[in-house]
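So the sequences go chain by chain: A and B. Residue numbering for the first sequence follows the working numbering, beginning at 1 and increasing consecutively. Residue numbering for the second sequence follows the working numbering, beginning at 1 and increasing consecutively.
It is possible that part of the hints are untrue.
Ranges of calculated distance between the beta carbons of each label pair, as one might list FRET restraints [said to hold, decoys possible]:
1. A:His181 <-> B:Gly75: 52 to 60 Å
2. B:Ala484 <-> A:Pro125: 25 to 33 Å
3. B:Ile438 <-> A:Ile6: 47 to 55 Å
4. A:Asn201 <-> B:Ala108: 25 to 33 Å
5. A:Asp233 <-> B:Asp396: 33 to 41 Å
6. B:Arg79 <-> A:Pro125: 52 to 60 Å
7. A:Ser251 <-> B:Ile438: 45 to 53 Å
Beyond 12 Å from chain A on every Cβ pair, some chain B residues (computed) [as the list claims (entries may be wrong)]:
8. Asp54
9. Pro57
10. Arg79
11. Val92
12. Asn101
13. Leu116
14. Ala147
15. Ala168
16. Ile258
17. His290
18. Ala307
19. Arg316
20. Pro333
21. Pro475
22. Pro597
23. Pro606
Derived by calculation from the structure, the hints in this document are not laboratory data. None of the values given here were measured: they were computed from a predicted structure. In this text, a Cβ means the ideal position worked out from N, Cα and C, and glycines have one as well.
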Amino acid sequence: MRVAAILLRRLGALLATALCLSLLVFWLTHLPPNLEKLAKSQGSARMSDAEVASWLERSGFDRPVPVLYGEWLGLLPKAGCGRCGVVQGDWGQSTVFRQPVAEVLGRSLAATGWLMLWVMVVMVPTALALGVLAGMREGSRTDRAISVATILTAATPEYVSGVVLVALFASATAGLSPLLHETGWIEGRTLFQGTASGAMNGITFWNFALPVVTVALYGTGYVARITRAAMADAMTQPYVRTARLKGASQSRIVLVHALRNALVAPVTVILLQLPWLLNGVVIVETLFAYKGFGWTLVQAAGNNDIELLLGCATVAVTLVLATQGLSDLAYRALNPRLRAR
Amino acid sequence: MTEPVLALEGLTVRFGSRRVVEDLTLRIGPGEVLGLAGESGSGKSTAALAILGDLGPGGRIEAGSLRFEGRELRGLAEREWRALRGAGIALVGQEPMAALNPSMRVGAQLAEVPRLHGRASRAEARAAARRALEELRLPDPDRMLAAYPHQLSGGQLQRIVLAMALMAEPRLLILDEPTTALDVTVEAEIMALLRGIRRTRGTAMLFIGHDLALMAGICDRLAVLYAGRLAEAGPVAQIFERARHPYTQALLAALPRIYAARRPPAPLPGSQPLPQDRPPGCAFAPRCTHARRGLCDRDPVPLETVALDAVVRCLRWREIDGAPEAAPALPGPDIGGPILEVEGLTRRFGSGRGTVHALQEASFTAFEGETLAIVGESGCGKSTLARLLMGLERADAGTIRLRGVEVQDRLAGRRPRDLTAAMQMVFQNPSDTLNPAIPAGRQVMRALELFQGGLPARTLREGLADLLGLVRLSPALAQRMPRALSGGQRQRVGIARALAGDPAVLVADEPVSALDASVQAAVIGTLLELQRTRRATLLFISHDLALVRQIADRVMVLYLGRIMEIGPAHRIFGALCHPYTRALLDAAPRPDPGAPPPSPLSGERPSALTPPSGCPFHGRCPRRAELPETLCEDRLPPLAEVAPGHRIRCHLPPERLRF
């Protein structure tokens, strides 16, 4: 019952935020200079001011922004199709792809979904294992080695690690590939493929490993840091001493007593990482030419594709807020003290 | 002689360059209870962890031997330690809530013990867990087994921790301040349980504590630790009767005694040195009135056997005679007119599951120059009352008049400056209430600036020097950061800060409960002296009835948000009192090894969420049977005057409440 109340409240907040943000993006994309740019890119680059004005009038862009926004949402009737807008599932037409926005978004989200899935599969176990190993014996050699490594990866942005990885493993002229090729270890010219565009048709280890690792590296470092801190803290708690003085073995202490209490922080952080991954995805998809959500967002912004941009923004907001709600629920599930209330 | 269960020989434990425990020699025979007494930092908990092989990183045993049932434990492999812990030696610690895993059900935590030590099946382990709870008289064991620790009370949790420690039938039970975090009545209950375990199982125990009165009730022998060294050890009756070491003597003199004349506990100057700045020779010499230069400040100070089974580490024990001088009795208070009048004060907290009545219709008057003690168990509303008085919270109903001015609707920040200055508070934990990033003196000076605004810097500095002098702090300490001060010094800074506005009313919320025994008396002495010289009213909130007996002029007893009794201390402690007050008095430990054990109050304290109807105490009242039918359940007794100034909330007629 309490959980239902929380969900309802979260849902309300989600809708309100999505509405505000889409209005903001809508208003920004409908500022006069941007509309002029739109007219010129849709019509002709050499249009005169008068031609621009008449193009805008013909396309209906000369009306007040609130009216346009209402039409986009589907709350106000639009000429030509009655009430059709986001609310009715009509997200408009992408000008870059010359396809309905919903279709473009669906395709790109599916592609990004695969990327995210593999990132999570790599990141979560690695990060938790590293964090637990490091935090189990604070100050030990293992702890220090893992700490240095995780601080390094957490401090390296994707556009650095991505380029370094490509140079190391996917360049025909630099890094490992030429060596391996010359000695006959690999058939092709590079060990991994430097582009993931092939992955749109079929994911293989060779075309997908680099983008996945690039996104996962940063998150792994960050989540491992959090896990380590939580684990180290749990290991100093009196209940861990109680367990030790009961005669429990080190592995039992770590796995049964400390881990569950230590997991509360990292699990919420992992869920909050999801939206952050979207951020990394923009860079990685562009770098590896993978046509997912990030790449689409860049295309939409670069080409002034207003309806696609609006669609991207709405989806992104929804994702961020949904994961936050999810992390709240996970926090309660892991913490019996909160569940009881 | 039979083989001792535990024998320490010259045990020395080091953490880095600091020797925390030095040359400790102890022996516990079968079925014997040895008390290890000392203040925080004396090394008593470190000794316990050394016995359990759990010193943690940085700690190691430097010298000495540690034998458990004749077997040397030094250098034992981790596997062997694991087999010994729990099964051979078990520990019960101070904080039951922290000692249990918050995300694991109680039953699973209990069942773990037989699973680890006896190779029991899951079902057997569960049955054993249930039996263990039943044996410790925990009501409704099945509910307990399925509960998470946060769903149970502190007393229940400590009994569960005790049950867990006993499950593998250890031969030695180490109790590290097992009742410090509990209320007096719950403490008495746990102590009764421990005495029962000792009688029925004959388990040898090492009882670590700082409260000699409590230890007198259970220990056979007592060892007193000071600054990592054994000061004195011997049979408990002998120590209470004739302590030989000046430190033991001072500790005993500082013990508040509940049925003694009204005088503050005898103070001991200074505080225990930290391991890194222990002086050469006798570590107690700088605080000792008997110390001789050139004798006591030189090593070695050997441990001498002075009688059968009694040792003392003092070079002059032969020349020192008996107890130190007791503090002079307090002069009668010079009580003036009313200064603080409280009428129908009520505070409720709403929560998801209902309303908590933290304080209900409290009415009382405090007079100029008196000490009014406010007594009760945790959750009785005493801290809520303090917060309402100070304006840290707003009352739901009722009035507070300070010097005749109504202040209940003005929160602390909105009271006029002179009224804020007129009522100040001394907090329980001085380390939490001082800003750790600002020198102690600056914080007192800031209070001076606020209360007496617009003073030139020179006057402020003089004011600061005066205040520090009043609370007996050396002016050099003003430059120090709070962490560089000892607990007692920090509390003195807290008092100096409260005094900056020259308050007419000083609210002290458990001002010494976070301090060590030998320091408590000195801080109390300072508070009382200030109160007498400045004619301030002291509202002394405390759970320590013995201490209250020594210093209070009047006493107010709270139970579940209601005033149960208010009256002159000499009447409440000497003539007649409420059955609840009586239960509190009976539960308090007596500093006398021969005294009958304190009797615990039966029943769990009801939740403030579902307060009982009628008299809030009826469910636990030992006199309930003396009244007809459902009177106590149906009607809340009035707070009726039984003598001038003495009011009691009970249906029983006053003549039947006499001692």
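Violations among the numbered hints: 2, 3, 4, 6, 8, 9, 10, 11, 12, 13, 14 and 15
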